[in-house]
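2 protein chains.
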Amino acid sequence: METRLQVVRNQSEKIIVSIGGNVIIRRGGRGTIDEQMENLSQACGYIGRMVKGGKSIIITHGNGPVVGNIVIRNEAVKDLIPPEPLYICDADSEGGIGFMIQQILYNQLHRLHNIKDVATIVTQVVVDRSDPAFKDPSKPVGPYYTEEEAARLAESRGWVMKEDSLRGFRRVVPSPVPKRIIEASVVKTLAELGVIVIAAGGGGVPVVEEEDGTLRGIDAVIDKDLATALLAKEVKADRFINLTQVDMVYINFGKPGQKGVPEMTVKEAERFLKAGEFAPGSMGPKVRAAIEFIESGGREVVITQPELIEAALEGKAGTRIVK
Amino acid sequence: METRLQVVRNQSEKIIVSIGGNVIIRRGGRGTIDEQMENLSQACGYIGRMVKGGKSIIITHGNGPVVGNIVIRNEAVKDLIPPEPLYICDADSEGGIGFMIQQILYNQLHRLHNIKDVATIVTQVVVDRSDPAFKDPSKPVGPYYTEEEAARLAESRGWVMKEDSLRGFRRVVPSPVPKRIIEASVVKTLAELGVIVIAAGGGGVPVVEEEDGTLRGIDAVIDKDLATALLAKEVKADRFINLTQVDMVYINFGKPGQKGVPEMTVKEAERFLKAGEFAPGSMGPKVRAAIEFIESGGREVVITQPELIEAALEGKAGTRIVK
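First to last, the sequence lines map onto chains A and B. In terms of our numbering, the first sequence opens at residue 1 and continues consecutively. In terms of our numbering, the second sequence opens at residue 324 and continues consecutively.
Simulated from the structure, these hints should not be mistaken for laboratory data. Ideal placement from N, C-alpha and C gives every residue a C-beta, glycine not left out. Treat the hints with caution; some may be incorrect.
Each pair of labels, with its calculated beta carbon distance range [unchecked claim]:
#: 1; chain 1: B; residue 1: D535; chain 2: A; residue 2: E155; range: 52 to 60 Å
#: 2; chain 1: A; residue 1: N22; chain 2: B; residue 2: D535; range: 28 to 36 Å
#: 3; chain 1: A; residue 1: D212; chain 2: B; residue 2: F576; range: 38 to 46 Å
#: 4; chain 1: A; residue 1: G29; chain 2: B; residue 2: K485; range: 32 to 40 Å
Cross-link-like lysine to aspartate or glutamate pairs, in silico, EDC-like; alpha carbons within 20 Å at most [as the list claims (entries may be wrong)]:
#: 5; chain 1: A; residue 1: K162; chain 2: A; residue 2: D136
#: 6; chain 1: A; residue 1: K14; chain 2: A; residue 2: E314
#: 7; chain 1: A; residue 1: K52; chain 2: A; residue 2: E234
#: 8; chain 1: B; residue 1: K401; chain 2: A; residue 2: D34
#: 9; chain 1: B; residue 1: K401; chain 2: A; residue 2: E75
#: 10; chain 1: A; residue 1: K78; chain 2: B; residue 2: D402
#: 11; chain 1: B; residue 1: K401; chain 2: A; residue 2: D79
#: 12; chain 1: A; residue 1: K78; chain 2: B; residue 2: D454
#: 13; chain 1: A; residue 1: K179; chain 2: A; residue 2: D219
#: 14; chain 1: B; residue 1: K375; chain 2: B; residue 2: E557
#: 15; chain 1: B; residue 1: K401; chain 2: A; residue 2: E35
#: 16; chain 1: B; residue 1: K462; chain 2: B; residue 2: E534
#: 17; chain 1: B; residue 1: K502; chain 2: B; residue 2: D570
#: 18; chain 1: B; residue 1: K378; chain 2: B; residue 2: E557
#: 19; chain 1: B; residue 1: K458; chain 2: B; residue 2: E533
#: 20; chain 1: A; residue 1: K78; chain 2: B; residue 2: E358
#: 21; chain 1: A; residue 1: K135; chain 2: A; residue 2: E155
#: 22; chain 1: A; residue 1: K233; chain 2: A; residue 2: E295
#: 23; chain 1: B; residue 1: K646; chain 2: B; residue 2: E618
#: 24; chain 1: B; residue 1: K378; chain 2: B; residue 2: E630
#: 25; chain 1: B; residue 1: K458; chain 2: B; residue 2: E486
#: 26; chain 1: A; residue 1: K323; chain 2: A; residue 2: D219
#: 27; chain 1: A; residue 1: K78; chain 2: B; residue 2: D561
#: 28; chain 1: A; residue 1: K179; chain 2: A; residue 2: D131
With the sequences and hints as input, model every part of the structure.
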């Protein structure tokens, strides 16, 4: 007998908002918690205003710089305390970052005299063990090592190590495609009840599913934009707002002829993507996630900076991606 | 306008189960994640069987040894990466431990062909800034330091340091009484919808409430037994099962005349407590939490080991505390 949530749902517009990891710890920042709280407060201020409009809000976020720090801390004392696998570091970061966003939104909504329940759901995301990414780990995580240390770690921990931008060697892990979100029905139910839900932090904790349906954590990095698109699909979100550090999507980015794109259809987006307009680790996955979302029935994706949310929703800033 | 959850609730018995931090990392264990998963699997196996009976289940857990490790890791690289305040370490541990329990229960319930939604809610617990504990910090956390280092940290970080069992100096933090659980209504709603909820991990993330209602994290340790009793009260639980490393409550514990107590009333419990029968950091808070819960309308508290849950619920093991 499968027990699933069944409740009376509200029918307000459902919006999924994703906060980039680089919005939490900015390049050049020290990364203190005060700094992270300040950065998140700014971003959440713009999100909070949308809540006032009676919409269902689900928030996802990146965790890149944060989980990187957790891994470095773990490895620094590995001879004293057994290091946590990467997937536990991910779960830790969902707790810490989730707490910050949850508290900030509670405080801001309280100020707007419109108290709402805000809750972080620790989220497991299923990836496929036969995903080609497992044969070609590519995402660097954690500290830099010398060539000697790297060889030792490859031996003792079974890690894949790669030379990284001349600063040394780093562990690389697979970045498989997210397939299913275990807690999606809980997230959907809470959002429809009016709770602001924070979920799939850092792309979620990667798990594989054994043949008997048993889940098991696995060391990998799930792209949070793709995880967000999947969650958006599973919770049947209407809109997907992707907050990052640039105001909109550009073609010829950083080159002569750079040009902002205020609106594109899925077809245009696919064409730009194929033409190599968007960097793989940066705008590429955001545009790919936008296409996934629209193709699975979503209405609209907006890519912009936190401070431009309102203008972007009115079509005056950012990039809109539609069918 | 205050928006609160309102849904059709089920009326099955609501049980809150608390897993001791020392059940997760046992004395003498190495504390690897494999070991923690194994320990939690055992404890959750007994909890999973109760779920089959159609009860609403909420799980809380300690985090002592786990958050201790997180603090040690943070301080070890504090000159390289800004250390997180203790309350963020707490939030991190809610994510990591919550993930483990959530996955284990999902896997076990899947095996029992009775899939249920399981969700960890990151939980903030309000403490009172005027709590006398803030004037007398007493809970040691994190690494041991030499007297010199301790003096330096007292100066630079404003920490209170105390000599601890001849192994050196440690930071001590306040252990204030929990007053209110911010996410209680979300926890209650989910539990009543049949979701197994993990909440108030490690006693919750301690926060103080400013005069305008704004929350702010604060470095403190909330006793998880008292936090559980408070959550039990706020979600209107019927029973509170407190899982620890001893099979039942004893008087004259570890002394001649040691005697197990199969059942006690609140009055008897109070008498034993006053007589100093229960150690402050150990059975004391469990009995105090039991009294709080029964006095606030709870029906029954059971204190026992994970492997004795079923026997204890039939009155054949453990200690029952009743009105």
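Hint check:
| no. | hint | in the structure |
| --- | --- | --- |
| 1 | D535(B) <-> E155(A): 52 to 60 Å | 57 Å, holds |
| 2 | N22(A) <-> D535(B): 28 to 36 Å | 31 Å, holds |
| 3 | D212(A) <-> F576(B): 38 to 46 Å | 43 Å, holds |
| 4 | G29(A) <-> K485(B): 32 to 40 Å | 34 Å, holds |
| 5 | K162(A) <-> D136(A) | 11 Å, holds |
| 6 | K14(A) <-> E314(A) | 17 Å, holds |
| 7 | K52(A) <-> E234(A) | 24 Å, violated |
| 8 | K401(B) <-> D34(A) | 15 Å, holds |
| 9 | K401(B) <-> E75(A) | 14 Å, holds |
| 10 | K78(A) <-> D402(B) | 17 Å, holds |
| 11 | K401(B) <-> D79(A) | 17 Å, holds |
| 12 | K78(A) <-> D454(B) | 38 Å, violated |
| 13 | K179(A) <-> D219(A) | 16 Å, holds |
| 14 | K375(B) <-> E557(B) | 24 Å, violated |
| 15 | K401(B) <-> E35(A) | 16 Å, holds |
| 16 | K462(B) <-> E534(B) | 27 Å, violated |
| 17 | K502(B) <-> D570(B) | 30 Å, violated |
| 18 | K378(B) <-> E557(B) | 18 Å, holds |
| 19 | K458(B) <-> E533(B) | 19 Å, holds |
| 20 | K78(A) <-> E358(B) | 16 Å, holds |
| 21 | K135(A) <-> E155(A) | 18 Å, holds |
| 22 | K233(A) <-> E295(A) | 10 Å, holds |
| 23 | K646(B) <-> E618(B) | 8 Å, holds |
| 24 | K378(B) <-> E630(B) | 19 Å, holds |
| 25 | K458(B) <-> E486(B) | 18 Å, holds |
| 26 | K323(A) <-> D219(A) | 35 Å, violated |
| 27 | K78(A) <-> D561(B) | 43 Å, violated |
| 28 | K179(A) <-> D131(A) | 10 Å, holds |
Checked against the numbered hints given earlier, this structure breaks hints 7, 12, 14, 16, 17, 26 and 27; the rest are met.
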